[in-house]
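First to last, the sequence lines map onto chains X and F. In our numbering, each number is its position in the first sequence, counted from 1, plus 410. In our numbering, each number is its position in the second sequence, counted from 1, plus 410.
These aren't lab readings, by the way, just hints derived from the structure by calculation. Treat the hints with care, as some may be off.
[As the list claims (entries may be wrong)] According to the in silico footprint, chain F covers these stretches of chain X (three or more CB under 8 Å from chain F):
1) 782-788
2) 810-816
3) 819-831
Just so you know, these numbers come straight off a predicted model, no measurement behind them. We treat Cβ as the ideally placed atom computed from N, Cα and C, and that holds for glycine.
What follows is each chain in one-letter form.
Protein chains: 2
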Amino acid sequence: MNANQAITKKALAAESASIVLAAVSESDKNAALEAVGAALESQTGRIVKANRKDLDAAGASNLPQPLVKRLVLDNKKISRLRDGIAGLVSLEAGTGRVLFSIELDEGLELRKVRCPIGVVAVIFESRPDALVQISCLCLKSGNAVLLKGGSEARHTNAVLAEVIAEAACRAPVPVGWLQLLEDRRDVTALLSLDEHVDLVIPRGSKEFVRHIMDNTKIPVLGHADGICSVYVDSGADLKMAVDIAVDSKCQYPAVCNAVETLLVDEAVAADFLPSVAKALREKGVRLAGCARTAAIIDVEPATELHWHTEYLDLALSVRVVDGLEAAIAHINRYGSHHTDTIVTGDSAKAERFMDMVDSANVFWNCSTRFSDGFRYGLGAEVGISTNKIHARGPVGLDGLSIYKWKLYGRGQTVAGYVDGAKSFKHRIIP
Amino acid sequence: MNANQAITKKALAAESASIVLAAVSESDKNAALEAVGAALESQTGRIVKANRKDLDAAGASNLPQPLVKRLVLDNKKISRLRDGIAGLVSLEAGTGRVLFSIELDEGLELRKVRCPIGVVAVIFESRPDALVQISCLCLKSGNAVLLKGGSEARHTNAVLAEVIAEAACRAPVPVGWLQLLEDRRDVTALLSLDEHVDLVIPRGSKEFVRHIMDNTKIPVLGHADGICSVYVDSGADLKMAVDIAVDSKCQYPAVCNAVETLLVDEAVAADFLPSVAKALREKGVRLAGCARTAAIIDVEPATELHWHTEYLDLALSVRVVDGLEAAIAHINRYGSHHTDTIVTGDSAKAERFMDMVDSANVFWNCSTRFSDGFRYGLGAEVGISTNKIHARGPVGLDGLSIYKWKLYGRGQTVAGYVDGAKSFKHRIIP
Chain X
411 MNANQAITKK ALAAESASIV LAAVSESDKN AALEAVGAAL ESQTGRIVKA NRKDLDAAGA
471 SNLPQPLVKR LVLDNKKISR LRDGIAGLVS LEAGTGRVLF SIELDEGLEL RKVRCPIGVV
531 AVIFESRPDA LVQISCLCLK SGNAVLLKGG SEARHTNAVL AEVIAEAACR APVPVGWLQL
591 LEDRRDVTAL LSLDEHVDLV IPRGSKEFVR HIMDNTKIPV LGHADGICSV YVDSGADLKM
651 AVDIAVDSKC QYPAVCNAVE TLLVDEAVAA DFLPSVAKAL REKGVRLAGC ARTAAIIDVE
711 PATELHWHTE YLDLALSVRV VDGLEAAIAH INRYGSHHTD TIVTGDSAKA ERFMDMVDSA
771 NVFWNCSTRF SDGFRYGLGA EVGISTNKIH ARGPVGLDGL SIYKWKLYGR GQTVAGYVDG
831 AKSFKHRIIP
Chain F
411 MNANQAITKK ALAAESASIV LAAVSESDKN AALEAVGAAL ESQTGRIVKA NRKDLDAAGA
471 SNLPQPLVKR LVLDNKKISR LRDGIAGLVS LEAGTGRVLF SIELDEGLEL RKVRCPIGVV
531 AVIFESRPDA LVQISCLCLK SGNAVLLKGG SEARHTNAVL AEVIAEAACR APVPVGWLQL
591 LEDRRDVTAL LSLDEHVDLV IPRGSKEFVR HIMDNTKIPV LGHADGICSV YVDSGADLKM
651 AVDIAVDSKC QYPAVCNAVE TLLVDEAVAA DFLPSVAKAL REKGVRLAGC ARTAAIIDVE
711 PATELHWHTE YLDLALSVRV VDGLEAAIAH INRYGSHHTD TIVTGDSAKA ERFMDMVDSA
771 NVFWNCSTRF SDGFRYGLGA EVGISTNKIH ARGPVGLDGL SIYKWKLYGR GQTVAGYVDG
831 AKSFKHRIIP
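Just chain X, with the same shape it has in the complex:
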């Protein structure tokens, strides 16, 4: 069996399971999650042993230290994962919830009902905890899942997937709902399976995410770039603006919600730029700026390319703009529709910014780094989306569900409504 056939077989198994899973009750899904939590505990030794193999291989191949740290799955992390599962059990998944209900005519009732999407594929990086979080989110929301983790974690992932799949099926959950893909060729094969896979969520480098987006007809949820901006308005508290700029840039520069561009209203540029430059430089941030910025502080000259750059590092592009509308225009043109903040004391300008900046997350007087499912109180997330449809920002249980229309009748036909013998009531049921 070649990679294509093997992956098609896995996708078909997931698809079959997804049909059955759509009719599994919330309490049975919770029982499955509890069984997964218990199995993670009873199998901790086996999981840690598999993780040791991956860590040994990482050591032998000189994997950079931050990646090794992400690769570790020890007793403490497993215990935290079990807490996460317990939290997920206590959440309401919402599957089966009636979102809207209307009586079309006597004895003819329409309900818009929340339901799972079907088969979701998630491709993620080295951190093996992600496998547990993602598969549990999919189970809770009633979706079958195809998972592909980083090759550095292959032994850990194989054991985790086996433990989770096996444990869940002790509750009335269909076999096959979780499928593990094993290498890059599997991902290539997966991308052509738009008949059987309903959604792909890729997490990783922007090149990788863009490659997925460009090579499949399956809908893709995620983000390639994280070009976030902070705009400091003329009405800003400049001390607050310095704090927000520094936190947005320096608190964790390697992530998608770190700021990459600082926009400054020309009315406050002369006051603000020297102080923010000093604070940023103390943290080791390199600055590139437009000509108007360079007239005030010492910066590397910025070109068009800088406005398009996601540094993911201690570097920042700075531009002086002619007020709110120019800031909005810059962000909509160069930003990546991820997260953008305005610092201002003027609520009307803040609302205008938040309405007109076309991004998933629009903030007023706070750091771009708040853009995150945990910080939002949504629990775990499968990723952050900059899509314009379905789900935006951090994607949790909500983004893993959709709805269907259920119509309950007593033998009604349409002919009578067309020829005028009958007419619709359309009474919304509260």
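Chain X is already provided as a structure; the job is to place chain F on it using the hints.
For chain F alone, kept in the frame of chain X given last:
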């Protein structure tokens, strides 16, 4: 300027307008809609005159009579369109509505707020009334729209687009929100503009819709096929089942929600098939059936191809199946995820069917022909979606909107929450 440049220019104009439109209040959008309604009245003479040109051309080119009928836009139809606009004004668009709100910490409030998608392109067939309905739905939901109508209606569409765009801009609505595309080459050019167009909704033949789906990176909302099924369960009222089968097939066979496949539980096949065959044949329906069907009634032998066939005509595929699970498996394999009905007296089987059939619309004891935005009480629709994400079934104002996350702070930074000095409250605001 070639077609590509001209369409890029229109898309950019629509994109700029969409940014401003996202901040226009509901009352201003309603004022614009009222201005459109008034302009349709004052310009009726001009519209009817343009329509006359299209009708003359249709006569000269021997356009089939049903298409000519759809092409007509007379005083009566214009008056009905104005009633539709008045209805739309009275609806709540929901843009700006807070869907969820949570206090992350003191003075740090997150709101999930409904907002427009941005730039929507709709490609539709000959009926010029559709231009009015679609553009008004887009305006109400705050989206800029690129429209391409049927070439048969070109004169009518040109006048309608001009009248609507001009009238709307008398209210505080940005110029450029409505752009008319003029020929097929414009559509080809449009499909490459994924940077500027957020959603394409194609309406027309399945070949056309599939062509769009296969040739763009822009998300596409719609349906190519309408292979709908009626399943007659062992627990069905067989008289009711005949009525539903006949209505689903014959009431209007040329449309996507007409039934194409009749599935019959083997337990009732011998009783049911002769009576349904008689009723269908009286309406002129040709039948193709599986071997088990052919053992009971006289039918053309059905092959695998028949289960994949959308007749859009007085023809029907018939298959005897081994009960509920086999019916569900058939529909999920051969259907087009559009609309499927079960006829049964058994509510547990009905619920199982509705949960496990992976279609946008799942019905119990009623005709597939109810699957329609007007019949659902949703008002006008821009189309019917068989997508698995974003919007399913008839798509109205809801499917034309999305949400963004707005975070309101007082200067908060993330560092304190990461180093443990502060912690999140996550208090949901009711």
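For each hint, the structure was consulted:
1. 782-788: It holds, with 3 qualifying residues against the three required.
2. 810-816: holds (count 5)
3. 819-831: holds (count 9)
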